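Chemist: With UniProt numbering, you'll find the sequence shown wraps up at 378, consecutive numbering, no jumps.
Since the hints were made in silico from the structure, they are not lab data. Please read these numbers as outputs of a predicted model, since none were measured by experiment. You may find that some hints are simply not true.
[Said to hold, decoys possible] Listed below are the simulated EDC-like cross-link pairs for lysine to aspartate or glutamate, each with C-alpha atoms no more than 20 Å apart in a straight line:
1) Lys119 <-> Glu141
2) Lys341 <-> Glu327
3) Lys84 <-> Glu62
4) Lys341 <-> Glu370
5) Lys84 <-> Asp72
6) Lys127 <-> Glu370
7) Lys288 <-> Asp298
8) Lys59 <-> Glu88
9) Lys272 <-> Glu194
10) Lys127 <-> Glu296
11) Lys341 <-> Asp173
12) Lys272 <-> Glu207
13) Lys127 <-> Glu109
14) Lys288 <-> Glu109
15) Lys119 <-> Glu109
16) Lys127 <-> Asp297
17) Lys159 <-> Asp257
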Amino acid sequence: MAVVLPVLRADLHMYEDYVPEPGRKPLALAITPLGGQEDNLVPSQHLQTWAAETTCGLKGSELFPGDHFFIDTRRTEVLTTICKQLHESLATLPKSVVVCDFPNHPACERQTYNECFFKVAETCPSKEALVGEEDRVDYQELVRRVGLIARALQARFLKGEAGKVVGLLMAHDTTYVTCMLAIMHAAACFIVVEAHFPATLVKEVCEESHTAAAVASPAHASKFFEVCPTLVLDGDWGKLTVEDEPTVTLPSYGTEDLAILMFTSGTTGRPKTIAGNHYFMHLGQRAKLELLPFVEDDDREGFNVMFVWEVLRPLLYGLTSFMIPDEAVLDPQIFVSTLQKHRCTRVLTTPSLLATVMQYCSHDIDWRLEALRTWVMC
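Can you make the complete structure from the sequences, with help from the hints?
Modeler: Below, the structure written as structure tokens:
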């Protein structure tokens, strides 16, 4: 009774005393009233009053055997009805917000992402692959840099072994993309360590994942020093020549081998780990374009939000990935200026970032982003 009575009192109190807010706007969605056939407190005819609360009309009304407490006595039927209507509603939504039924892509089953990337690079060696604030890297140079880091990791830390975990922490720029590809090319799995992780958390997650080595920028390298050996890449690392590359044979790896460890945002507590193999990484890039393919005037994409999952996609098609600096996500003027400078035609952001851009840059956004065709939100 100590559990039931407070809930019952609250239910009766709302029924007797609740007064709808005057001037409220109807909801732009359909409503399905639920009721009990023998409910004397809320007779079935009263369910029709919900029609005033929606601009889309009532989606029928569902009556169940029972009185005012039908939700408890007919729980299975009620939940089945709710699930059925939920699935029907989801089926009417745009494809971008439903689960994609993209079939298994043959290339993803036979080859890793890196294998396909290297083949694409052979067809367009002089075309720009990555463009950032500090540098522009063509496909031929990107392949060289990927090999440089992969061999350095194997020679110094991994010692010919495959499947080892390598930490990755630096700004989201051209070097970050290069390191993602290089760690996978070294037959290792990269673990994405976020810049806001304190050193204690970095130590914990690296110890739990048995991180064997790390690649980091000078600004973040100290977070790994107590945990694992670290390859520190300063601003001039890309100028190393062929003679500087260690001679080492890279281990082989396949589509089912682990490629990435990444963390959830941690909003409900400690971040949780997401693991993905090479098939997962490859298919994810292909599947997105089934729903939103590149077209001739919509192939210059800017990247920062969801960086790890998005930035590799253009490289499968010989296109260019444009880096949006991390500080731009906090400053809408820098964000818009970056898109404008590179004449980006598509971008992915959170809804809140779009709202910030519209709030502070709307007065001239029409001409500053005249090249933009597609804005995706996640």
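Chemist: Against each hint, give a clear statement of whether it holds in the structure.
Modeler: Tested hints:
| no. | hint | in the structure |
| --- | --- | --- |
| 1 | Lys119 <-> Glu141 | holds, 14 Å |
| 2 | Lys341 <-> Glu327 | holds, 16 Å |
| 3 | Lys84 <-> Glu62 | holds, 12 Å |
| 4 | Lys341 <-> Glu370 | holds, 11 Å |
| 5 | Lys84 <-> Asp72 | holds, 18 Å |
| 6 | Lys127 <-> Glu370 | violated, 24 Å |
| 7 | Lys288 <-> Asp298 | holds, 14 Å |
| 8 | Lys59 <-> Glu88 | holds, 11 Å |
| 9 | Lys272 <-> Glu194 | holds, 13 Å |
| 10 | Lys127 <-> Glu296 | holds, 16 Å |
| 11 | Lys341 <-> Asp173 | holds, 16 Å |
| 12 | Lys272 <-> Glu207 | holds, 14 Å |
| 13 | Lys127 <-> Glu109 | violated, 28 Å |
| 14 | Lys288 <-> Glu109 | holds, 17 Å |
| 15 | Lys119 <-> Glu109 | holds, 16 Å |
| 16 | Lys127 <-> Asp297 | holds, 17 Å |
| 17 | Lys159 <-> Asp257 | holds, 18 Å |
Hint compliance for this structure: hints 6, 13 are not met, and every other hint is.
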